[in-house]
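> Sequence:
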Amino acid sequence: EMMLPELQAVIPSFVTRVDRPDRGGRWADFLAERSHAAARVTARLGLDRQHGDAADGPSVRLLSVQGTEEDLLAGLLFEASAVSEEDVRAVIEPMATGQRADLIAELVGERENRRHRPGRGFEATSYRFEVVSDYGAFRDLQRHRMLTVQWQPLSPDLGAGVPEELESAGTADLYRRGLETSRAEHERLTAIGRPEVAAYALCLGYRIRYVLDLNAREAMQLVELRSGREGHPSYRAVAHEMHALIAGVHPSVAAAMSHVDTEAEPRLERILAEIRTDGRRAAKV
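Just so you know, we're using the numbering used here here: the sequence shown kicks off at 5 and counts up by one.
In case anyone wonders, no lab produced these hints; they're calculated from the structure.
Among the hints, a few may not be true.
Here are the computed distance ranges between Cβ atoms for each label pair [as the list claims (entries may be wrong)]:
| # | residue 1 | residue 2 | range |
| --- | --- | --- | --- |
| 1 | Gln-156 | Asn-117 | 44 to 54 angstroms |
| 2 | Ser-262 | Gln-156 | 30 to 40 angstroms |
| 3 | Gln-156 | Trp-31 | 21 to 31 angstroms |
| 4 | Glu-114 | Ala-36 | 21 to 31 angstroms |
| 5 | Arg-233 | Glu-171 | 38 to 48 angstroms |
| 6 | Thr-20 | Leu-178 | 14 to 24 angstroms |
| 7 | Arg-181 | Arg-121 | 45 to 55 angstroms |
| 8 | Gln-103 | Arg-280 | 31 to 41 angstroms |
Glycine is no exception: its CB is placed at the ideal position from the N, C-alpha and C atoms.
Let's have the full structure, built from the sequences with the hints guiding it.
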């Protein structure tokens with residue numbers, strides 16, 4: 005309500021329907037009811053509470069994969085061919101894995117920099133990752149437009165990491181007190197019925213769980229950009245682990261990401277170790 009008058013002053017034609025009861029009003033009502041329905045159903049199913057010890061640390065998990073490297077190769081060849089995709093597949097299906105990998109590498113070509121990307125055929129495969137990272141890293145990854153991002157409400161339930169640099173500097177306890185003050189204010193706001201604003205009281209070091217759903221072409225853009233050594237170790241670790249998980253299912257796709265910055269500083273290595281420990285623990289469940 006406070007934003008609308010400001011917008012009406014500068015872009016009136018874009019917001020003419022917002023305060024009309026039959027247009028913007030109905031839309032707002034629909035969004036509110038949709039949100040209430042989601043909260044109602046998750047509570048009914050017992051999905052509105054953390055199960056077990058959730059504050060184990062950062063994690064990156066590959067939940068599902070759609071498509072194969074054969075699908076990707078068919079997509080790359082289709083645009084340049086003069087036959088149906090079915091005919092393309094009939095040619096590549098009998099090929100050995102190594103032969104298909106060589107063809108993918110040839111079609112990707114020599115990428116001089118990360119802006120040189122392969123064709124739309126790379127959109128034939130996709131990956132769904134579930135990530136737990138600090139909120140600061142999430143905000144940088146959330147900015148990417150070429151993928152689907154879904155996130156849960158920020159809360160203190162997943163804990164927060166304490167950088168080892170603060171331990172070495174002797175200031176870690178001050179940081180922990182700041183985290184605890186932040187958590188206490190979140191709890192106070194929630195207790196007085198203001199959960200929608202409680203998240204604003206939390207430090208960016210608290211963790212959040214979210215999903216990144218993206219195809220191989222989109223993954224290349226995100227992983228190569230966010231693995232760069234000028235970036236923050238928290239999101240660099242996410243990018244590194246995404247690349248490793250893609251390599252485990254589609255090695256040719258991972259190999260095409262030739263501008264992933266693999267230089268690992270000590271803090272990044274520690275975060276990656278936490279992520280991979282969590283991954284091994286999850287695999288045993």
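> Does each hint fit the structure? Answer for all of them.
Against the structure, the hints come out as follows:
no. : hint                                     : result
1   : Gln-156 with Asn-117: 44 to 54 angstroms : 36 angstroms, violated
2   : Ser-262 with Gln-156: 30 to 40 angstroms : 34 angstroms, holds
3   : Gln-156 with Trp-31: 21 to 31 angstroms  : 24 angstroms, holds
4   : Glu-114 with Ala-36: 21 to 31 angstroms  : 53 angstroms, violated
5   : Arg-233 with Glu-171: 38 to 48 angstroms : 23 angstroms, violated
6   : Thr-20 with Leu-178: 14 to 24 angstroms  : 51 angstroms, violated
7   : Arg-181 with Arg-121: 45 to 55 angstroms : 46 angstroms, holds
8   : Gln-103 with Arg-280: 31 to 41 angstroms : 32 angstroms, holds
Going down the numbered hints, you'll see the structure goes against 1, 4, 5 and 6, while the others check out.
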